[in-house]
Amino acid sequence: MFNSNFDTLKTALDVQLKRQELHAQNIANAETPGYKRKYIAFEEYLQESQMKLKLSTTHEKHLPPATRVVTAKQVTQKSTSITNDKNNVDIDMEITEMVKDALRYQTLARLMSANIDRYNTVIRNVR
Amino acid sequence: MQSEFNILGISATGLSAQRLRIEIISTNIANSETTRTERGEPYRRKVPVFQELVRNIGGRPENGGVIVKRIYEDPSEFRIVYDPTHPDADENGYVRLPNVNIVREMVDMINAQRAYEANAMAINTTKAMITAALQIGR
Chain A
276 MFNSNFDTLK TALDVQLKRQ ELHAQNIANA ETPGYKRKYI AFEEYLQESQ
326 MKLKLSTTHE KHLPPATRVV TAKQVTQKST SITNDKNNVD IDMEITEMVK
376 DALRYQTLAR LMSANIDRYN TVIRNVR
Chain B
377 MQSEFNILGI SATGLSAQRL RIEIISTNIA NSETTRTERG EPYRRKVPVF
427 QELVRNIGGR PENGGVIVKR IYEDPSEFRI VYDPTHPDAD ENGYVRLPNV
477 NIVREMVDMI NAQRAYEANA MAINTTKAMI TAALQIGR
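Read top to bottom, the protein sequences are chains A and B.
If you read the first sequence in the working numbering, its first letter stands for residue 276, the second for the next number, and so on.
If you read the second sequence in the working numbering, its first letter stands for residue 377, the second for the next number, and so on.
Since the hints were derived computationally from the structure, they do not count as laboratory data.
One or more of the hints may lead you astray.
Cut-off 30 Å, straight-line C-alpha distance, at most; resulting in silico cross-link-like pairs (DSBU-like, lysine-lysine) [to be verified]:
hint : chain 1 : residue 1 : chain 2 : residue 2
1    : A       : K348      : B       : K445
2    : A       : K311      : B       : K422
3    : B       : K503      : A       : K311
Predicted model only: the values in this text are computed from it and were never measured.
All chains should be built: construct the whole structure from the sequences, respecting the hints.
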């Protein structure tokens with residue numbers, strides 16, 4: 276009955292939360308020697324999966340493609356470091372990304388509310 | 377799956393690690409002229425050693441923040457100053473002073489303060505996110 280918007284939004288919210296966890300981990304370890312920053316390559320995965328899995332329905336009895344579950348994968352960035360303790364956390368960049376992700380999370384939460392509101396409107400007005 | 381409160385826990389480990397670091401820096405600064413310790417030598421500069429904490433929950437690694445692995449004593453040379461009037465001076469009039477460099481400690485302290493603030497900011501951001509989640513469906 277409910278459309279897949281809920282699933283998509285839920286996945287997106289979960290991923291943002293996981294991202295926030297990694298920002299927290301990176302910031303907590305900003306002064307840990309040898310630590311390498313962790314991040315989630317979500318957009319990359321999403322884009323990839325959308326490009327790969329475009330199924331066309333050529334017959335009226337073809338089922339539409341099932342909702343894809345995009346899993347967030349934690350990646351460690353092993354590249355260069357800006358300090359001499361082999362730690363590659365750039366705290367300014369990390370904070371900026373964190374704020375951006377939080378705003379994205381709030382936007383997604385609002386979208387989720389708007390989605391629920393639409394159902395509420397339908398339920399209240401039809402009798 | 378992951379919980380919001382785990383994120384707050386991660387930032388909390390960051391806060392306490394940086395606070396401990398500031399404490400150690402304060403001790404170093406306070407003892408920058410201490411020529412006598414219980415071991416009979418001048419004070420040695422102390423440094424905390426941080427390590428990433430990854431908990432193993434049900435066979436799955438889970439980010440746990442940071443821990444202070446140990447407190448390391450800097451083995452570098454003591455400062456030697458000529459001061460024959462000092463009670464701890466040797467027969468040639470030289471005094472061994474702690475291997476604490478105030479400028480270095482100050483720089484470390486500012487670093488620790490900034491890192492502490494960054495962790496506090498992470499807590500605030502997580503809080504804003506949880507609040508947004510609680511508003512869903514309101």
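**Request:** Assess, step by step, whether the Cα of K503 (chain B) is no farther than 30 Å from the Cα of K311 (chain A), and give holds or violated.
**Result:** holds (25 Å)
**Hinted pair K348 (chain A) and K445 (chain B), Cα distance within 30 Å** = With a Cα-Cα distance of about 28 Å, the restraint between K348 (chain A) and K445 (chain B) holds, given a limit of 30 Å.
**Request:** Take a quick look at whether K311 (chain A) and K422 (chain B) sit within 30 Å of each other, Cα to Cα.
**Result:** Holds: K311 (chain A) and K422 (chain B) sit about 25 Å apart, inside 30 Å.
This entry satisfies every hint, going by the numbered hints stated previously.
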